[in-house]
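J.: Below are the chains, spelled out letter by letter.
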Amino acid sequence: MPQRAHSIFSDDWLVRAQAQVNTDAELQLIGTWFTTAFSLTCTDRRAERRAIVRFERRRLVDILPSPRLDVRCAFGFRASLEIWTKFFAANPEPLYHDFFAMLMRVPGFVLEGDTLVAMQNARALHRAMNVMRSVEP
Amino acid sequence: MPDLEPIVGRYLNVNIDQVNYRIYFEEAGEGIPLLCLHTAGADSRQFRHLLNDAEVTRRYRVIAFDMPYHGRSNPPDGWWLQKYLLTMKGYLALVRHVWLALGLERPVIMGGSMGGAIVLKLAAEYQRELHGIIGFESSAFAPGRYNDYLHHPAIHGSELVASYTFGLCAPNSPETSRRENWWYYSQSGPGVYAGDVHYYSNDWDGREDIKTIDTSVCKVSLLTGEYDYSCTPDMTRAVAAAIVGSRLVIMNGMGHFPMVENYPLFREFLLPELDFMATT
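Residue numbers (the numbering used here), protein chains in the order written: chain A, -19 to 117; chain B, 239 to 518.
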């Protein structure tokens, strides 16, 4: 039986998210300088699912589930399964409808790593996260 | 015939402590003065729908002005030698001077976010000279919005500020309207949003002041969107609990910028409060 945490950033979901992001007209327009890698981590009591997504000039070029320690990334988002489930809900409840909202009001939602890089890419990152949110886990 | 809107824009000069401010304002309508205060880092364009709403302007003289450093109101002379940091004291003085300079008699003052905060202070200080206040997204104490990235040399401030505030809109508000507000936010000068948030999130604490507001003298309506995470509904509930006789409306399906992100929905909540303000 698969771990519940693995259901959020599953291999299948990552592939679908990649396709969605790479065909998003807005991200393709604004993401000229969107070259960075960040992690997405989902935890529950018994397991952790972590994947790194690497963008190069607006395109999601690599998806790296369960990365080895030599796979680098600048920053990442980490939260519990419960929090991610609310974020990915079709009609998210208040405070879970936007990652900036969660950073301010949901203590278990963490931006880790080099937050400066994250905020340098705020516009494209925000769009990418919103596009990925539209992909059903 | 040109397709003209009824809004008229003008400039007003006010002097506060020997500093001259050239203030841009727009107005429409006749009747009870309704002075409108924009949100942090934005400008009076946020009120364009209200200024064009004939049901409002047939009984209210609606006036919206740009704070100095915002929109078409220039910074004061010598701005390049001082860091812009809005304070409660400075904000209060500015609104009071604009109010008096325009000769507004017993206005209703309405503001959102940082404007929704200062209306509480205005009511506490000048309640006998006011018809009432309408605060949307009003909190008496709102820590947690300030961070140094809001004005940082390694970050495109325009894009960060606009994206940082975009999610304050409700997800179901019309995209065109949410994007319109994004655009306004992208146009603030370097450090202006951060300077405003300094007031809103660091300097402002009205928790004692609001207890002095007498709603038999100055009416108080408080409206907050359910998706607002800067001023949450609970934060406004705390304000309402401290002001006996205030009216509280939690706006379902609304975020932090009701006058611009979803005006058709906002007016459903606002019109009854304007009715309430207009009754004697």
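Some hints here could point you the wrong way.
Stated by the list, open to error - Among the chain A residues that face chain B by a calculated CB cut under 10 Å, a handful are:
1) 8
2) 9
3) 55
4) 80
5) 85
6) 88
7) 90
8) 106
9) 110
10) 117
These are computed hints drawn from the structure, not numbers from a lab.
Ideal Cβ placement from N, Cα and C applies to all residues, glycine included.
J.: Determine for every hint whether it applies to the structure shown.
T.: Cross-check of the supplied hints:
1. 8: 16 Å, violated
2. 9: 13 Å, violated
3. 55: Cβ of residue 55/A sits 13 Å from chain B, so the hint is violated.
4. 80: 5 Å, holds
5. 85: 5 Å, holds
6. 88: 15 Å, violated
7. 90: 15 Å, violated
8. 106: 5 Å, holds
9. 110: Hint on residue 110/A: holds, closest Cβ of chain B at ~9 Å, below 10 Å.
10. 117: With a closest approach of 18 Å, the residue 117/A hint is violated.
Comparing the model with each earlier hint shows violations of hints 1, 2, 3, 6, 7 and 10; every other hint is respected.
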